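K.L.:
Single-letter residue listing:
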Amino acid sequence: MLWLAILVPDLPLQVFTRGLTHTNTPFAVVDRMGAARILCANAAALALGVQTGQPLSTAQAVALALQLQPRQPEREAALLAEIACWAGRFTPRISLAPPDTVLLEIHSSLRLFGGQSHIENQLKEGLAQLGLRARLACAPTPLAARWFAACGQGLPARGDWRCGLDALPLAVLGSEGDCSAATLELLRGLGAQRLGDVRALPAAGLARRQAQSVSLLLARARGEQPDPRLWFAPPERFHHELALPAPTDSSEALLFAARRLFASLASWLQARHAAIDHCRLRLLHERQPATVLEIVLGQAANDEAHLALIARERLDSLALPTEVCALGVDADHLLAHVPRADDLFGAPGQARDQAMRLVDRLRARLGENAIRHLAPVADHRPEAAWQTQGRTQHGRQRPATSKAASNPEAVLPDRRRPFWLLPHATVISPQHYTLLGDAERIESGWWDDGDMRRDYFLAQRSDNTLCWIYHELSPPGGWYLQGYFG
Amino acid sequence: MGQVLERLPAGLVWQGARLADARGAALHTGFAELDAELPGGGWPAGALIELLAEHPGVGEISLLLPLMQRTPPERWIAWIAPPLLPYAPALAAAGVPLERLLLIQPATADEVLWATRQAAAGGSCALVLAWPERLDTAALRRLQLAAEESATPLFLFRAPSAARHASPAALRLQLSPTANGLRIDILKRRGPPAAHPVHLALHNGSLQESPQERPAAPVPAPPPRLTLVG
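Chains as they are written, first to last, in my numbering: chain A, 1 to 486; chain B, 1001 to 1230.
Just so you know, these hints were derived from the structure itself, not from any lab. Hints are supplied without guarantee of correctness; some may be wrong.
Stated by the list, open to error - Computed spacing ranges between beta-carbons, pair by pair:
{"#": "1", "chain 1": "B", "residue 1": "Glu1054", "chain 2": "A", "residue 2": "Val427", "range": "16 to 22 Å"}
{"#": "2", "chain 1": "B", "residue 1": "Pro1066", "chain 2": "A", "residue 2": "His337", "range": "23 to 29 Å"}
{"#": "3", "chain 1": "A", "residue 1": "Gln389", "chain 2": "B", "residue 2": "Ala1201", "range": "51 to 57 Å"}
{"#": "4", "chain 1": "B", "residue 1": "Ala1093", "chain 2": "A", "residue 2": "Gly390", "range": "20 to 26 Å"}
{"#": "5", "chain 1": "B", "residue 1": "Leu1145", "chain 2": "A", "residue 2": "Glu368", "range": "28 to 34 Å"}
{"#": "6", "chain 1": "B", "residue 1": "Pro1072", "chain 2": "A", "residue 2": "Gln389", "range": "19 to 25 Å"}
{"#": "7", "chain 1": "B", "residue 1": "Ala1163", "chain 2": "A", "residue 2": "Arg282", "range": "50 to 56 Å"}
{"#": "8", "chain 1": "A", "residue 1": "His337", "chain 2": "B", "residue 2": "Ala1093", "range": "35 to 41 Å"}
{"#": "9", "chain 1": "B", "residue 1": "Pro1072", "chain 2": "A", "residue 2": "His239", "range": "38 to 44 Å"}
{"#": "10", "chain 1": "A", "residue 1": "Gly390", "chain 2": "B", "residue 2": "Leu1145", "range": "27 to 33 Å"}
{"#": "11", "chain 1": "A", "residue 1": "Gly477", "chain 2": "B", "residue 2": "Glu1054", "range": "15 to 21 Å"}
As the list claims (entries may be wrong) - Calculated from the model, a selection of chain B residues having no Cβ within reach of chain A, i.e. all distances over 10 Å:
{"#": "12", "residue": "Pro1106"}
{"#": "13", "residue": "Ala1139"}
{"#": "14", "residue": "Gln1174"}
Unchecked claim - Only some residues are given here: those of chain A computed to face chain B with a beta carbon under 10 Å:
{"#": "15", "residue": "Gln350"}
{"#": "16", "residue": "Arg352"}
{"#": "17", "residue": "Met356"}
{"#": "18", "residue": "Arg357"}
{"#": "19", "residue": "Val359"}
{"#": "20", "residue": "Leu362"}
{"#": "21", "residue": "Arg417"}
{"#": "22", "residue": "Pro418"}
{"#": "23", "residue": "Leu466"}
Since the model is a prediction, treat every value here as computed from it, not as a measurement. Note that beta-carbon positions come from the ideal geometry of N, C-alpha and C, so glycine has one too.
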């Protein structure tokens, strides 16, 4: 077994700062309980003199532009679960270790990812995309991995890892919550500074002083006692929220935060070998119902860049009723996703993906109805012989490879037809036109009030343009221009 | 001097009287007369091409038809803000793959430019035809860059009055209809200015009789042969 601990330091703070566009904005989280005190603050706030544990009024006096949020423990738990979902693409064996750690069992994934250091690098890159700062450490037991991560150090390069464990400071025992402050105080009073010192103390004496839990913890960390963990079961639906550090209505800031969630969504999809063709971006307001953006893709995808591109167009053209305080992304209906094999000679599917993305992007900005496909219709009346199609069933969403794909039953006229049709036929004076060839009589449409009796001609106008004109046979008659041959 | 130049290896010295080589690949227009006058022997693949015409219907679709028929699979033909309805039966009969044709009708002039740029830049269109209402030099420059970047030929249809203004387009052609086809004046190309216009016969074979043999005004009398349909 090889455990990797992802420890998120200052989790109450990072819940908010991952949506923060500018890192030089001073920001702090205050404890909600009792007198308001600073719980943690970001680097910009610390540089201004804000300290943890400081009363709120002092902090505000020190840093005028300080942005504040109350601590939200439920968001912290949700963020931990989001990290666990996201990490599902590295290993299926994940365990949560509240308050701030996610444990991955990576022994069986080592070969797939090319070794421990590769996994760590990929995790670091991925966490940066989620907007999180984290400390990683590996060890053969979950407790040891977590303690090493808490101290910000890895396994000792040489020697036994248990020796490294003995050298850890006593304070790591407090992070788990199993070891009470009184016990820690007792151990400190006994002169123990490091875990090794505690282990050297007689076990019977510790047990007599109600400190036997420490011995158990140490035995688990050293792998001498079993340490069973509950595996994290990833949810069937993606439903995560991101709290913004301050309410905003800037589409750039919203998009920045939405990217974090999309990165998380993409990774969750990859872990499940799934894709989505639509998801929902919820913009939560303080006092009003949420604004919901449906993000619809033309084709199932699991790529965060594409989602972000569509979201950008939708956000740009959106009029927000008020400022947004949090974002949420929901994805419910998963579709099977078959990953495409890489090809030595360019990827043939890549062109199709690009073509689909263009249509998605145009639709997101211009509206559903601005993008149409043309298709002929089997009707003799020129006005009724064509139609446009918008978004229809799935097969039509991409440029088809076969020519016969569109409406094979439509019979094409055997006479020449113009490339351009006027929206409405216009009255012309026939002196300017020279008829070419024979007439084509079209007499049709008695069944649906579109009755017509016309003689159609190719004609050359005096400026040499080739036109399609007709002579109306039913009263009141007259000559009309209906199209250009172009 | 001329002999000396001719003995030099091809491509070493460029003479002013010759057409420039196309920067990228050139796409055959399908008309040998026109290919001979264009640098590289065809439409420049990644460039802005302006086609100036008085009104739609002068023969511009017939001119681009060979290109549209050759659309590679998985790529679009984008028609952005066409002034009239492209008539589906005629296009289908001419061999244009309609399922690859995207008809884009943005609501405002700004969105027309945006859509044109998106279509030209992505590399997912085989060719882009756009009928923008108004254009300034900055917009033209952006479109030219987008077309260059993705090697997509971008055809802009503009009024002949646009010829008075400078343009970054690689090729500017003025189209006017003639009795049996199309007259193309090459206003700008990479190379020496064109000496004479190109005449293309677009309608040969499809018009049974030449227009001179017909009476000048339409004859309201019953035509010689009627095709009864419907």
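K.L.:
Are the hints correct? Go through all of them and say.
P.N.:
Each hint, compared with the structure:
1. Checked against the hint of 16 to 22 Å, the C-beta distance between Glu1054 (chain B) and Val427 (chain A) comes to roughly 21 Å, which is consistent with it.
2. Taking 23 to 29 Å as the suggested C-beta distance range, the pair Pro1066 (chain B) and His337 (chain A) does not conform, at roughly 39 Å.
3. A hinted range of 51 to 57 Å is violated for the C-beta pair Gln389 (chain A) and Ala1201 (chain B), which are about 35 Å apart.
4. For Ala1093 (chain B) and Gly390 (chain A), the hinted distance range of 20 to 26 Å is satisfied, since their beta carbons lie about 24 Å from each other.
5. Taking the beta carbon of each, Leu1145 (chain B) and Glu368 (chain A) are about 29 Å apart, inside 28 to 34 Å as hinted.
6. Between Pro1072 (chain B) and Gln389 (chain A) the beta carbon distance is about 22 Å. The supplied range of 19 to 25 Å therefore holds.
7. The hinted range of 50 to 56 Å is satisfied by Ala1163 (chain B) and Arg282 (chain A), whose Cβ atoms lie roughly 52 Å apart.
8. One distance hint, 35 to 41 Å for the beta-carbon pair His337 (chain A) and Ala1093 (chain B), holds here, with the actual separation near 40 Å.
9. Against the hinted window of 38 to 44 Å, the Cβ-Cβ separation of Pro1072 (chain B) and His239 (chain A) comes to about 42 Å, which satisfies the hint.
10. For Gly390 (chain A) and Leu1145 (chain B), the Cβ-Cβ distance of about 31 Å falls inside the hinted range of 27 to 33 Å, so the restraint holds.
11. Taking the beta carbon of each, Gly477 (chain A) and Glu1054 (chain B) are about 30 Å apart, not inside 15 to 21 Å as hinted.
12. Once the 10 Å rule is applied to beta carbons, Pro1106 (chain B) is inconsistent with being away from chain A; the minimum gap is 5 Å.
13. Once the 10 Å rule is applied to beta carbons, Ala1139 (chain B) is consistent with being away from chain A; the minimum gap is 17 Å.
14. Even its closest Cβ contact with chain A, about 14 Å, leaves Gln1174 (chain B) beyond 10 Å, as expected for a residue assigned away from the interface.
15. Given hint, Gln350 (chain A) at the interface with chain B, holds; its Cβ is 9 Å from that chain's nearest Cβ, closer than 10 Å.
16. Because the beta carbon of Arg352 (chain A) sits about 5 Å from the nearest beta carbon in chain B, less than 10 Å, this interface hint is met.
17. Residue-level restraint check for Met356 (chain A) holds (minimum Cβ-Cβ distance to chain B is 8 Å; threshold 10 Å).
18. For the restraint placing Arg357 (chain A) at the interface with chain B, the shortest Cβ-Cβ distance is roughly 7 Å, inside the 10 Å limit, so the hint holds.
19. Against a cut-off of 10 Å between C-beta atoms, the interface hint on Val359 (chain A) holds, since the closest Cβ of chain B lies about 7 Å away.
20. Interface restraint check for Leu362 (chain A): the shortest CB-CB distance to chain B comes to about 6 Å, inside 10 Å, so the restraint holds.
21. Because the beta carbon of Arg417 (chain A) sits about 4 Å from the nearest beta carbon in chain B, less than 10 Å, this interface hint is met.
22. Hint status for Pro418 (chain A): holds, given a least beta-carbon distance of 6 Å to chain B, under 10 Å.
23. The beta carbon of Leu466 (chain A) comes within 7 Å of a beta carbon in chain B, closer than 10 Å, and the hint placing it at the interface holds.
Comparing the model with each numbered hint stated earlier shows that hints 2, 3, 11, 12 do not hold.
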